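Go by the hints and put chain B onto chain A.
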Amino acid sequence: MQTNCHDTGPDGLSRPPRLPGANTIALVGQPNVGKSTVFNMLTGLSQHVGNWPGKTVEQKTGAFRGQDGVVVNLVDLPGTYSLTANSEEERVARDYLIHERPAAAIAVVNAAALERNLYLVAELLALGQPLVLGLNMLDVAEQHGIHVEPHVLQAALGIPVIPIVATKNQGVKELMEAAVEMAAQPQKWTPVRPAIRPEHEPVLAAVCELLAAHTPDPYPQDWVALKLLEGDAEITAMMQAALPEETWQQLHALLLKHEDAYLDIAGGRYEWIGRMVRAAVTQPKAGAITHTERIDRVATHPLAGLALLLAILGLAFWLTYTIATPVADWLSTHVLDALDAVAGALLGGAPAWLFGLVSDGLIHGVGTVFAFLPILIIFFAVLGALEDVGYLARGAYVMDRFMHLMGLHGKSFMPLFLGFGCNVPAVLGSRIIEDRRARWLTILLAPLVPCTARLAVLAFLAPAFVTTGAAAVSLGLVGLNLVVLAVAGIVVNRLAFHGDQTAFIMELPLYHVPNARTVGLYVWNNTVSFIKKAGTLILLASVVVWALSSFPGPDINDSLLAAFGRVLAPVGRLMGLEDWRLIVALLTSFFAKENTIATLGILFSVSDESAVLATAVAAVLTPAARLAFLVVVMLFIPCLATTATIQQETRSWRWTAAAIGLTLALSMGAGIIVYQVGTLVGLS
Amino acid sequence: MVAIDTATPLSALPAGGEAIIRSLQGGHDFCSRVANLGFTAGAAVKVMQNYGHGPMLVSVRGTLVALGRHEAARVLVASMA
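So the sequences go chain by chain: A and B. Just so you know, we're using our numbering here: the first sequence kicks off at 4 and counts up by one. Just so you know, we're using our numbering here: the second sequence kicks off at 13 and counts up by one.
Okay, chain A solo, but in the shape it has when bound (with noise of 0.2 Å):
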C-alpha cells in the first residue's frame, strides 16, 4: 500500500478509513448518476482523495458522522457500467466489493435512466453484497416525464430504496440511515437473485458443478461460474491457475461451446430488470421534446457546437488572464519578497550558499508552485462546472472528428485545449480519458502544445530575431507546434500501440445546474493534489537545479549548468547554435519556461525586461539559426512542473522519460532541419 494512503485528510484531523470494510460502506453506481455528489455531502471535507495502491485510478475516501456520534468510513467506488472487468475502474470496483467486503454498499442510481442503472445492481445483487439503493434524481426524471414509485421497486428488488435528490441533499441522511441499518443487519431483507435466461441455467449448473470446491476465497461460486460464461478475461486465468490441468480442459471446452453466452447473459440481464422496473415506472409519452434535446440542438451540431466550444474556452481564458495572472504576479511579489526578507535576517550570519540554497532554490521553487497555482484554481473550476452542467461530454462529442486522425477521440480534446493556458492542467486534465492508453498518449502530447509561457518568450524574442513579419512568423510557429503534436499523434499512435482506436463509445449526461459544493470540492481535491504531488518534486527539482547553476562558482559562467552548454556546444552548432550561452537558456527553460529570457538577461549581461535584449541575442546569430532557435523554445522538452506532473499521473518513470525524449528528439530535429534548411536558401 502507498504511503499516501496513510495521510491525514484535508482538515488535519480526520484519518482516512481503513480500507478493510468491517466497518466502511461503499459507494457504487454508473457514471453521471450524482454518486459522487452524494460523498461530498456525506463527507464534506473529511474525505482523502489518493490513488488506488498501484492504479492510476483515482480513490476517494472520507468518514460520515451520524447524529449519534457513530462514525462509519465511506468508499467512494469509481463510477463504472458494470462489474465485468472492461476497465481499471471496473476491476478497481469488483476487486474491493470482494476481497474486502464492505458491510454494506449504497448503489446510487440515476431515476431518468433506471433500466441501465439497474444493470449494475443486478451484478450487485448476484455478488451477493448488502445493498441500499439510492434513487437519485427523481426531480430530473419528473421533468422528463417518467414517474417512479420508490416503494414497489423496494418490494420487486428485496432491498431498501430511498428517494434522493443529492444535489439539494435531499433523502441522504435517510440513505445513510438505510445503509448503517443495513449493515448491522442485512438479514432482515431478502434480495432477489437476478435470473438468467431458462436456457442457460444448465451450462451455469454444468459450469458451477466443475468449479466445486476450486474456487479461491472469498470469490463466490456461483458468481464465478456466471462471469466464466461471460468470457471475463481476469476470471478466466484466475480459475485456469486454480482448478487441475484435466477440469480445466473440461470446462474450457463448454465454455468455448458457449462462447456466445455473454451477450445473451446481458440481455437476459436486461430483461429480469425490465420484469423488475415494469411496475415501478411509468414512461412518458414519446415525442415529449426535453430540455437537453433542446440544448443539444446547439451544443452538439457539428458547426454550431464547434462555435460554442470555442467560445466556452475563449472564456476561460478571459477569466484565467483577468483574474488568475494578477493573483499570481500579486503572489510571487508580495508573498516572495516576504520569505525572502524572512530568509535574509534569520539567515543573516550565514555562508552565502546556505542563503542561495535557501533563497534561490527553495523559494524559488514556491515561487513556481505559486505561479501555477491561480490559473490551476480556475481551470479546475471551469473543468468541473462544465464537467457537473454535463457540457463536458459534448465538447468531446463535437471534437471528437477531429481528433480521430491521431488515434485518439473528442475527450483528449479538452485537455489538450488547456494546455495553451499551462501543460500542467493539460496533464491533470487527462484523467477524463477512461482508456489508459489513450490517457497516457494524450499526457505525451500535451507538452507539444504551445503554453502561456513558452508564447510569452516567443513574443519576446520575435520582434528582434525576425525583421519583418514577426507577426506571422510567431503565428507559424505555433501552427508548426500543432502540426508536430499531430504528426507525433499519429506516428505514437501506430508504433506503440499498432494504430489501435479506442472505442468511442461515452454517454452523454442529461444537463442539470451545477452544484457549488461539487465544484468546490473537486477545485479543492485537485489543488491539494497538485501541491501535494507536484509540489514536492518542484521543490526538489529546483534545489537541484539552483545547484547546477551556482556551483562551482562564483556564477553561473562557471557553474556546472554552463559547463554542460559548452559540453552540448557541438550539438548546438548543428542548429547554428554555437554560443553555449543559447544552450545554457534552454537548458534552464526546463525550471520554467520563462527562465529562457531570465537566463540569456544573465549571460549576455543586458537587462531581461528591455528589447535590447533580444537585439543583442539576434546579433549573435545568423537569421537561419535565429528561426531555429525559436523552434526549438517552442518544441522543447516540458518543463519542471509538467515533467513531475507526468510523473504523477502515470507514475511511470519511462512514459516521463519518454515525454522528454520525444520532444527533445523533436525539438533538435526540427531546429537543425530548419536551420540547415534556412542556411541553403540563404538565410544566413
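To be clear, the hints were calculated from the coordinates, so they are not data collected in a lab. Certain hints may be false.
Unchecked claim - Stretches of chain A that chain B covers, calculated by requiring three or more beta carbons in the stretch to come under 8 Å of a beta carbon on chain B:
#: 1; segment: 293-307
#: 2; segment: 643-652
To be verified - Derived, one-sided and incomplete: chain A residues facing chain B with beta-carbon distance under 10 Å:
#: 3; residue: Asn113
#: 4; residue: Lys260
#: 5; residue: Leu266
#: 6; residue: Ile268
#: 7; residue: Ala269
#: 8; residue: Gly271
#: 9; residue: Arg272
#: 10; residue: Asp332
#: 11; residue: Trp333
#: 12; residue: Ser335
#: 13; residue: Glu390
#: 14; residue: Tyr394
#: 15; residue: Arg404
#: 16; residue: His407
#: 17; residue: Gly413
#: 18; residue: Met509
All of these numbers come straight from a predicted model, not from anything done at the bench. For every residue, glycine included, the Cβ atom is placed at its ideal position computed from N, Cα and C.
Just chain B, lined up with the frame of chain A:
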C-alpha cells in the same frame, strides 16, 4: 410497426430513425462494453443525430450515447417502418 427482417448497420440509420438491435459484431471487449451500456439484442434504439460522417448520437434505454461511426457500424439493427 413492422420490423424489416434484413439487418442494417446502425450507422446507416438517419436521424430520427428507430430500430431494434439484432446483433453486435466485433471482439469480445467491444461487444461486452456496448452490451453493458444497454445495446443488447431486442433493445429499441433511436438515432438522435447522424450527419453521415463523424460520430453519431443514439438514444438507448433512456440514455443518450455518442458512438463513433466505426462503432455504430458494428451494431446491426432491424429498422422499423
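Checked hints:
no. : hint    : verdict
1   : 293-307 : holds (count 5)
2   : 643-652 : violated (count 0)
3   : Asn113  : holds, 9 Å
4   : Lys260  : violated, 16 Å
5   : Leu266  : holds, 6 Å
6   : Ile268  : holds, 9 Å
7   : Ala269  : holds, 4 Å
8   : Gly271  : holds, 9 Å
9   : Arg272  : holds, 8 Å
10  : Asp332  : violated, 41 Å
11  : Trp333  : violated, 42 Å
12  : Ser335  : violated, 42 Å
13  : Glu390  : violated, 15 Å
14  : Tyr394  : violated, 13 Å
15  : Arg404  : holds, 4 Å
16  : His407  : holds, 7 Å
17  : Gly413  : holds, 7 Å
18  : Met509  : holds, 5 Å
Hint violations for this structure: numbers 2, 4, 10, 11, 12, 13 and 14, all remaining hints satisfied.
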